[in-house]
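Let's have the full structure, built from the sequences with the hints guiding it.
Heads up: the sequence lines are chains Z and R, in that order.
Here the working numbering is used: the first residue of the first sequence is 1, the next is one more, and so on.
Here the working numbering is used: the first residue of the second sequence is 1001, the next is one more, and so on.
Keep in mind that the hints are not guaranteed to be accurate.
As the list claims (entries may be wrong) - Simulated crosslink set (DSSO-like; lysine-lysine; CA at most 30 angstroms straight-line): (1) Z:Lys104 <-> Z:Lys181; (2) R:Lys1088 <-> R:Lys1181; (3) Z:Lys181 <-> R:Lys1068; (4) Z:Lys104 <-> R:Lys1017; (5) Z:Lys178 <-> R:Lys1028; (6) Z:Lys5 <-> R:Lys1129; (7) Z:Lys135 <-> R:Lys1068; (8) Z:Lys286 <-> R:Lys1124; (9) Z:Lys181 <-> Z:Lys286; (10) R:Lys1030 <-> R:Lys1017; (11) Z:Lys181 <-> R:Lys1030; (12) Z:Lys178 <-> R:Lys1021; (13) R:Lys1319 <-> Z:Lys286; (14) Z:Lys104 <-> R:Lys1319; (15) Z:Lys104 <-> Z:Lys178; (16) Z:Lys286 <-> R:Lys1129; (17) Z:Lys181 <-> R:Lys1028; (18) R:Lys1068 <-> Z:Lys104; (19) R:Lys1030 <-> Z:Lys178; (20) Z:Lys5 <-> R:Lys1082; (21) Z:Lys104 <-> R:Lys1028; (22) Z:Lys286 <-> Z:Lys104; (23) R:Lys1030 <-> Z:Lys104; (24) R:Lys1082 <-> R:Lys1068; (25) R:Lys1017 <-> R:Lys1028.
As the list claims (entries may be wrong) - Output of the computed footprint for chain R on chain Z, the stretches with three or more beta carbons under 8 angstroms from beta carbons of chain R: (26) 19-26; (27) 190-201; (28) 279-285.
Calculated from the structure, these hints are not laboratory results.
Think of the CB as a built atom: it goes at the ideal place given N, C-alpha and C, for glycine as much as any other residue.
Residues per chain are reported as follows:
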Amino acid sequence: MKSNKLNQIILNIFMISLSVFCLIPIWLLFSASLTDDSEIIRNGYSFLPKDISISAYSYLFDGSLGIMNAYGITILVTIIGTVTGLALTAMLAYPLSRFEMPFKNTLAFFIFFTMLFNGGLVPTYLIYTNIFEIKNSLWALIVPSLLMNGYFIILMRTFFATSIPRPLIESAQIDGAKEWKIFYSMIIPLSTPVFGTIGLFYTLLYWNDWNNGLIYITDSHYYSLQNLLNRILQDIQFLQSSTQMGNKGDELVANLPLGSMRMAIACIGIVPLLIAFPFFQRFFVKGLTIGSVKG
Amino acid sequence: MKNEVAYKSQADHSKMKWTAKLALELRKAKRYRALVFMALPGLLYLLINNYLPMFGVVVAFKNYNFTKGILGSEWIGFENFKYLFATKDAYIITRNTILYNFLFIALTTSAGIGTAIILNEIRKRFLTKMYQTFILLPHLISMVIVAYLVLAFLDVEKGFLNNTLLPMLGIDPISWYSETKYWPWILTLVSLWKGIGNSCIIYFAAIIGIDNEYYEAARIDGANRWRQIWNITIPSIMPYVSIMTLLAIGRIFYSDFGLFYQVPLNSGLLSSVTNTIDTYVFRALMTMGDIGMSSAAGLYQSFVGFILVVVSNAIVSRKNKDNALY
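Laid out in structure tokens, this is it:
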């Protein structure tokens, strides 16, 4: 009995250390964003700053950097992307779950093959920029590479095929319901768990996406939050020049708390996720394990 | 019942001539055109987003000219590939991609299994839940922000290591973003940090799925906790481990672009240890505008990647039909 208790303590100590390992970089980011810049210049970023200051945040929100604009774009793109992505995925997955679907196996292979082979960055880039000309538009943040994922389609099709009783569809057909009506008023309400899980993954994908912006967006008006972060990470002058422009030049370069501002803007990017995570954790875990572990 | 119907229709199918089959499918298409229309937008999207670029890979065999486009540019055969494989880069990017991936797979898998076993031993449910939340957090964070987190530690002037940790140990400041020798360790650590939660959760779910009767029987036979883990838990999750590993090996030719591009801050000085196929293709296209080299490297990746995915999946589907892609 006693050794059992000791075991529990050791196990918990291990898990606490692992949790600390996972959390400590995030802690450093937060404390760095709240450190007064003079202390950062003297002592660098630290876990327990002595001079706490929120000046970095007040500079960020004075409107000049376009953070609000970037935030707006991220939210807009995430909503449109998630809704369209879910709709397209479900509308493709559902017919493929029905044996009445013509050319069912051929179409299933058509989808499946996209998971095996892809053209890669160069042809995709050339086609999207030369034929569809999506460079520097919101389309670039929504359409390429993310909108649909073969894995999501297969996941959803499996759900429709196994979790929705066939007699239900048949009785609706006998009652004279049209296919769209069946899909809309029966299949969707019965499939909320899978919609929740896949919708969550779409949301995270769009919220965290910086790749499309890096490739297709050069105009900073179309930057999403991640693209703005990306730009500032690689080019600190960008932060400097755009903040100064907003302040009409009456602030000296040296006065800008660049060190903490940089970290503050990264904090703004993760705070919504950290707050929301406990609420969607259940769906998230389900999504991670669904394909790999059954039963 | 449903399976029976499907099985029967399949059996009938195989005896039919292809014209009869086609006629049947077309009759179905007429009768169930609503289903066809429903699937149409998604299929169209895949056609444009996935299939068009697949045919676009021919650009690797052409001398691409912006005004002439992919179709109009002249064919030059394997010239681009000859140039690519004549450079030292081709070897470096292949080596980096494969070695890092092997290292990441081995470390993340073993750390994930170990953590999952430990997590399962913890008695208090709310603690289990809380630890899960904490170790999954890194998985949620985008690579751009991960790069900021790493920068907070490694920044040459303001970073935590150079200002606090190294002076404490009496070591001189290190110029992290220009010295290659540290980066294999840094990238591995970041990859482990980001991936351990995901890996742990998958194996934890597998462990939870193990039938409790095995453990009860073992307890009656007097097996202690260690023996139970060694003789029941580990063998029970082994099928999942081998499948997950095989699937990961199938993707070994693809690297995590964000990890290798964002975290080293796109530093040219580090390229010998941070350049992978994905970063090479990106830089050749976006920075140098070299369509020939980037498309050749991209097709090299797609082609070898395709073979690896097909082979690994064939092995997985022989082991367990449910877990393979096909």
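Okay, the hints, checked on the actual structure:
1. Our distance criterion of 30 angstroms between C-alpha atoms is met by Z:Lys104 and Z:Lys181, whose separation comes to about 21 angstroms.
2. For the hint pairing R:Lys1088 with R:Lys1181, the CA-to-CA distance comes to about 19 angstroms; that is within 30 angstroms, so the pair holds.
3. Restraint check for Z:Lys181 and R:Lys1068: not satisfied, since their Cα atoms lie roughly 48 angstroms apart, outside the 30 angstroms limit.
4. Restraint check for Z:Lys104 and R:Lys1017: satisfied, since their Cα atoms lie roughly 17 angstroms apart, inside the 30 angstroms limit.
5. For the hint pairing Z:Lys178 with R:Lys1028, the CA-to-CA distance comes to about 15 angstroms; that is within 30 angstroms, so the pair holds.
6. With a CA separation close to 20 angstroms, the supplied pair Z:Lys5 and R:Lys1129 stays within the 30 angstroms bound.
7. This hinted pair checks out: Z:Lys135 and R:Lys1068 have alpha carbons roughly 19 angstroms apart, not beyond 30 angstroms.
8. Between the alpha carbons of Z:Lys286 and R:Lys1124 the distance comes to roughly 21 angstroms, so the proposed pair stays at or under 30 angstroms and holds.
9. A distance of roughly 29 angstroms separates the Cα atoms of Z:Lys181 and Z:Lys286; the hinted pair therefore holds under the 30 angstroms criterion.
10. A hinted pair counts as satisfied when its Cα atoms are at most 30 angstroms apart, and R:Lys1030 with R:Lys1017 qualifies at roughly 20 angstroms.
11. For the hint pairing Z:Lys181 with R:Lys1030, the CA-to-CA distance comes to about 18 angstroms; that is within 30 angstroms, so the pair holds.
12. Under the criterion of a C-alpha separation no larger than 30 angstroms, the hint pairing Z:Lys178 with R:Lys1021 is consistent with the structure, at around 26 angstroms.
13. Of the supplied pair hints, the one linking R:Lys1319 and Z:Lys286 holds, its CA atoms being roughly 24 angstroms apart against a limit of 30 angstroms.
14. Distance restraint check for Z:Lys104 and R:Lys1319: the Cα-Cα separation of roughly 26 angstroms lies within the 30 angstroms cut-off, and the hinted pair is therefore satisfied.
15. Distance restraint check for Z:Lys104 and Z:Lys178: the Cα-Cα separation of roughly 20 angstroms lies within the 30 angstroms cut-off, and the hinted pair is therefore satisfied.
16. Note on Z:Lys286 and R:Lys1129: the hinted pairing holds, with a Cα-Cα distance of about 14 angstroms set against a maximum of 30 angstroms.
17. Of the supplied pair hints, the one linking Z:Lys181 and R:Lys1028 holds, its CA atoms being roughly 19 angstroms apart against a limit of 30 angstroms.
18. For the proposed pair R:Lys1068 and Z:Lys104, the alpha carbon gap of about 38 angstroms is over 30 angstroms, so the pair is violated.
19. Restraint check: the Cα-Cα separation between R:Lys1030 and Z:Lys178 comes to about 14 angstroms, which is no more than 30 angstroms; the hinted pair holds.
20. As the CA atoms of Z:Lys5 and R:Lys1082 are separated by approximately 65 angstroms, the hinted pair breaks the 30 angstroms bound.
21. Taking the CA atoms of Z:Lys104 and R:Lys1028, the gap is near 10 angstroms; set against the 30 angstroms cutoff, the hint holds.
22. Between Z:Lys286 and Z:Lys104, the direct Cα distance comes to roughly 28 angstroms. Compliance with the 30 angstroms bound is thereby established for this hinted pair.
23. Restraint check: the Cα-Cα separation between R:Lys1030 and Z:Lys104 comes to about 14 angstroms, which is no more than 30 angstroms; the hinted pair holds.
24. The suggested pairing of R:Lys1082 with R:Lys1068 holds, with an alpha-carbon distance near 23 angstroms, which does not exceed 30 angstroms.
25. Proximity of R:Lys1017 to R:Lys1028 is assessed by CA-CA distance (about 17 angstroms); at most 30 angstroms being required, the pair is judged to hold.
26. Under the rule that three or more residues need a Cβ within less than 8 angstroms of chain R, the assignment of the region 19-26 of chain Z holds, with 6 such residues.
27. Coverage of a stretch by a chain is defined here by at least three residues with a beta carbon nearer than 8 angstroms to that chain's beta carbons; for the region 190-201 of chain Z and chain R the count is 0, and the condition is violated.
28. Interface restraint, the region 279-285 of chain Z with chain R: holds (3 residues with C-beta to C-beta distance below 8 angstroms; minimum three).
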